[in-house]
Structures are given as structure tokens and as C-alpha cells.
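Asks: Line order of the protein sequences matches chains A and B. Reading the first sequence from the start, the letters are residues 1 to 265 in UniProt numbering. Reading the second sequence from the start, the letters are residues 1 to 289 in UniProt numbering.
Hint data in this document are derived by calculation from the structure and do not stem from the laboratory. Backbone N, C-alpha and C define an ideal beta-carbon position, used for all residues, glycine too. Keep in mind that a hint or two might mislead.
As the list claims (entries may be wrong) - Using C-beta positions, here's what the derived DEER-type ranges look like:
| no. | chain 1 | residue 1 | chain 2 | residue 2 | range |
| --- | --- | --- | --- | --- | --- |
| 1 | A | Thr110 | B | Tyr153 | 26 to 34 Å |
| 2 | A | Asn95 | B | Met282 | 34 to 42 Å |
| 3 | A | Asp68 | B | Arg205 | 54 to 62 Å |
| 4 | B | Pro106 | A | Asp188 | 32 to 40 Å |
| 5 | B | Arg112 | A | Phe13 | 43 to 51 Å |
| 6 | A | His237 | B | Arg65 | 50 to 58 Å |
| 7 | B | Asp276 | A | Phe13 | 19 to 27 Å |
| 8 | B | Arg121 | A | Phe13 | 30 to 38 Å |
| 9 | A | Ala117 | B | Asn18 | 22 to 30 Å |
| 10 | B | Ser142 | A | Thr15 | 16 to 24 Å |
| 11 | A | Gly33 | B | Glu273 | 36 to 44 Å |
| 12 | B | Glu273 | A | Ala219 | 44 to 52 Å |
| 13 | A | Thr110 | B | Ala280 | 18 to 26 Å |
| 14 | A | Ala234 | B | Ala280 | 18 to 26 Å |
Claimed, not checked - Some chain B residues flagged as far from chain A (calculated, every beta-carbon gap over 12 Å):
| no. | residue |
| --- | --- |
| 15 | Lys47 |
| 16 | Pro84 |
| 17 | Glu222 |
What the hints assert, rightly or not - Partner residues aside, some chain B positions facing chain A, computed with beta carbon under 8 Å:
| no. | residue |
| --- | --- |
| 18 | His25 |
| 19 | Gly160 |
| 20 | Val219 |
| 21 | Pro269 |
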Amino acid sequence: MALLSVENLSKTFQTPRGAVHAVRDVSFAVARGECLAVVGESGSGKTTIANMILGILAPTQGAIRFDDHALPSRRRPEHRQAIQLVQQNPLSSLNPKRSIGASVRLGLDTYGIGDRAGRWDRVAAALEEVGLPPEMRRRAPSALSGGQRQRVGIARALACEPELLVLDEPTSALDVLVQARVLRLLNDLRARKQLTYIFITHDLAVVRNVADRVAVFKAGELVELGETRQIFTAPAHPYTRGLIGAVPVVDAEELHLRNTLAGEN
Amino acid sequence: MTDLLDIRGLTLGFRGLNGYTEVLHGIDLSIARGERVALVGESGSGKSVTARIILGLLQETRTARVAGRVNFDGRDISSMRARPRAALRGTDMSMIFQDPTSSLNPTFTIGRQFAEVMRRREAGLSQKACEARATAMLEEVSIPDPARVLSAYPFQLSGGMNQRVMIAMALVNNPKLLLADEPGTALDVSVQAQTLTLMQDLVARHNTAVLLISHNLGVVREFADRVYVIYRGRIVETGPTAAIFDRPGHAYTRALMAAVPRITGAGLPEVPEVSDDFLAPMVTHPEAT
Ligand SMILES: Nc1ncnc2c1ncn2[C@@H]1O[C@H](COP(=O)(O)OP(=O)(O)OP(=O)(O)O)[C@@H](O)[C@H]1O
Ligand SMILES: Nc1ncnc2c1ncn2[C@@H]1O[C@H](COP(=O)(O)OP(=O)(O)OP(=O)(O)O)[C@@H](O)[C@H]1O
Ligand SMILES: [Mg+2]
Ligand SMILES: [Mg+2]
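With the rest of the complex left out, here is chain A (with noise of 0.2 Å):
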């Protein structure tokens, strides 16, 4: 069964300059545990569903339900615990003002986890999870490195202990090696804790090794959504075979893939 799905879900700004139509008609699911990742081009909607599934913003039209219940668009504390966002930008989303330690414990406090007295060692453990010292809690956001803000984001949202975990670029300001780990990492806790994820990123490299499916967008609507071996070995619709062909790559092998795939459009 689903944990999450999306019906009919619309979404349109007005602007001065006129109605932009960001989301047009979307619908999907999520099954519990699944790790579904959202690609697509810049600006076809993906953080604007993400935003309307953690309920920051009202769908102009359409529904979402999580767990077999019609999510209302003022979320109770238990659903906003249950789905914790990773935000594209780790910058803005962090409290300049606040510590790192402080950041990450807020979610703690507010929703209950843990007894106070624990708190301050959760939140060293966590940021530990995500390769940072337990000394970083001290520090504040400016005085850390992109990628070390970007593994704070994931802390942060981890430490609430959620169900379903948007994640918008999680590791795109990571070296490799790091991005690798972080990946290892969300993928043993939701095997361990029957996460799900909704993972959206350009990266199709990491796609292709972390979800079990993908939906495609491309100016505000959903082109294709498949089994990821599918997408990446017989992708139907031309956007996403151009998609394929555009990733830079460092090896043959991957190099001959993209040709094939180029070559067929």
C-alpha cells in the first residue's frame, strides 16, 4: 500500500506579470520503503511538490494522502515529524543566528524526542552519522563549508526520527567520497527503519544507484515514470533520453551507454 500519493495535484503562481503554472495535474505514489527519485528540468516543479507535500505550500488543486488519511493543509505536529524535508539550499536553511547544535536540537524539543537531559548527545550523534565532530555543534553555519552545511540539513531532518524523508539535492555540494557515504548511510536506514524517500536531483548518476523508481518532469508535468533499470536501459520518452545523454561521465563504459541512448533519438 501507499504511504504517500499525490491525486491530481496543480499548482499555479500569480505574478504581476501573470499566472505561472508551476505543477499541472501530477499524480503518483510512494510505497512504504521505496526510494522514488524526481528528475527533470530546472524549473519543471519539483521543489514546489515538494513544498506542497511537506505543507508549506496549498496546492491550488489536487490531494495528498499520506498513510491512507487526506493530509489537511494545516498539518497536525505528528504529520510534520512524520515527513522531514532536506533542503536544496543549506545555506538559507539554516538559522544564521543559531548554533548548528541548536539547529539540529530544535526539532528534538519541539517535537518530544528523547529526554532533555539526552538531547545534546542525540544531536552529536547524529551530526556523527553524517561524518561531522560533535565540536561542529558549537559553530554557526557561516563557519562551515558547503558540503558540512548540506550534512547538517540531513542531520537535522534524520534527528526528528520521520517516516518520509523529501530530500531536494541532499548531497550535490559533497566530494565523492563523502556523497558516497551519506548515500551508504540513508540507504541502510531505510532498510533498518523502513524509510521512504522522495529523492530529487540532477544527478542521474546517483539515481541510477539509489532509487528503486523514477518520475520525470518537465514543465510542471510528469513524462514518464518507470523501474529505474528500465529508464536508464529503455527510457520511452525523448526528454529523458536527451536527459541521459547530457550527464558527463569518466568512463567508457559509461560513455558507450550515452551514446546508445543519444543515438536513438
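Add chain B with the ligands to chain A, keeping to what the hints say.
Replies: Then chain B with the ligands, alone, in the frame of chain A:
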């Protein structure tokens, strides 16, 4: 001819709550005019701070201590006064920051911010001229509706659109050196490819040199003439791009290459343990002739 940028023995440390921590331990790095150089390596190893030193920003930060020589276009940035140093930013050298929101002002429209950048070069530029040039530049980075974007505030644009705006702003004054810190992370691969091609064109047409900082080794391979690999504040390997990719000599570089996820899908790569070999001396590949 001398190099456009020549860095020797650069060190950097921060004074903090836990005392003094050294972050850069003596970096040598040079870029010729029109050359495309990539700086790759560990997260937290000192790539962004190096770029901020080249821009002269960290020299103005109270908690930072910078030493060593940074020559740009025949002048030593570190010993320059704050004013002429600031005048170089956004004109002769410009930067695409890793974090779009840190360089775009949330309270001004994109159009107004563009005009500000262009007037750093040409103070008297008319509103009309600014708009025309900004529109042309936005089209070059494949923004479909430049008029909407110029009248928008950053929060009304997607992450990738903001990043393209920054790229366009960084290039609009034809700088001699472009510092590009992760310019493609928020872009889809087709736009990323277009952006790289655009940056490549620009380099060729205007002899702009580029320091590209990126974790995407595929992008680096396709873009750069030469590569520096940095680990914990030290350069561990340097050479022409092909040599680094075909014959990585340093243990850290080899570990990096092995950890790149592949679109052919062999699963997530094994993560090698951090090894003492990562601290081995620098490997230098001879220049291709
Ligand atoms: N608050 C807003 N007001 C007006 N338009 C908006 C607003 N937020 C987003 N948009 C527009 O909606 C569209 C979709 O934006 P969204 O951020 O969802 O894209 P995205 O797929 O996440 O792109 P990226 O990969 O670049 O992050 C864009 O055209 C954007 O300009
Ligand atoms: N203001 C500061 N005070 C103290 N330490 C700092 C400060 N700014 C940066 N650092 C530290 O300096 C080191 C280098 O940071 P830098 O931002 O250059 O990393 P980077 O190589 O760009 O990493 P990433 O790939 O994650 O962006 C990091 O360990 C960071 O925590
Ligand atoms: Mg987005
Ligand atoms: Mg950085």
C-alpha cells in the same frame, strides 16, 4: 608571459572558540590567461576559502589570518589596499558562489541587481542599456523568459534559475578571471552542459580564465585543461586533465575516482577507509607539450 594568477605558499587559519585552526597549509596554484583550471577535492578541504582569498574577501575577515603571495594580473592582492582590491571584484574578476542566496539580494529584483553589477564597470550606463544587455545575457544561459526573470525577486525563481542568473551576472562584465564554485549543482544536466559550453565559448572569445570548483568529476573532465586535487588544505596532485583521469597517481585521487557513481549502475561504490596514504606527498604530472 606571466600567469594571470599565481599563488605561492598560501596559508590560512581561523581564530575560534577552540583556539587557532589552520585550514590551508601552503598552497601553490597558478592559472594562465584564458586557461581553464579545476580545483577538486574533499568537502571542507579549503576550496571555497581559496576562492575567497583570491577575491580578497577573507583578508577583510577579522577572524581569518592569511599569509603567502597571491598575484593577480601582476599585482599582489594580499598587500593591496581594501579599496582597489574591492574595485577588482565584479569587474576584472568575478565569482559564482556555491550558495546562490548568499550573493543574490532577496529584497531587490534581478533586474536591479544586474544593473548594479554592470554599473561597477560603467557607472553611467542607462537603464535601457542595462536591460538590453541583461536580457541578452540571460538568453545566453537559456533562461526562457528573461523579462519575467528580470522583474522577479530571487524567491520567485527555482534554484536552478537563480544559479543561471548568477552565472549571467558573473559574465556580464567580461572578467579576466571567473571563479566558479559549484556552478552547476542546481542545474539539470542539459542546462549544465549548455552552461559549460557557454563558459567554454566565453573563455575562447574573451580569453577569460576560469577556476572551476566542482565535485562533479564528469564535468571537470569535460571542462578543464588542468586539475588540482586538494585534500585537507594541501594540494596532493596536479597535472593536465587527461593525465589525472588516466593515471591518477595519488592515493586520494584514486579513491575519489573509484567513488564516482556510474550511470551504468554497478551499485554504490565501496567507500575506502581514510588512509594514511591520503597524506602522502604531492604527485605532479608533467605539462603536456
Ligand atoms: N513563490 C513563487 N512565486 C512565483 N513563481 C514561483 C514561486 N516559486 C516557484 N515559482 C516558479 O515555479 C516554477 C517551478 O519552480 P520549482 O522551484 O518548483 O522548480 P524546480 O523543479 O525545483 O527547479 P530546480 O531544479 O531549478 O530547483 C518556476 O518557473 C518558478 O519560477
Ligand atoms: N569562518 C570560518 N571559521 C572557522 N572555520 C571556517 C570558516 N570558514 C570555513 N571554515 C573551515 O575551513 C575549512 C575549509 O572550508 P571551505 O569552505 O573552503 O571548504 P570546501 O573545500 O569549499 O568544502 P565544500 O566542498 O564542502 O564546499 C572547513 O573545514 C570549514 O569548516
Ligand atoms: Mg528546486
Ligand atoms: Mg565550498
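Asks: Out of the numbered hints, which ones does the structure contradict?
Replies: Failing hints, ascending: 5, 7, 11, 13, 14, 15, 17 and 18.
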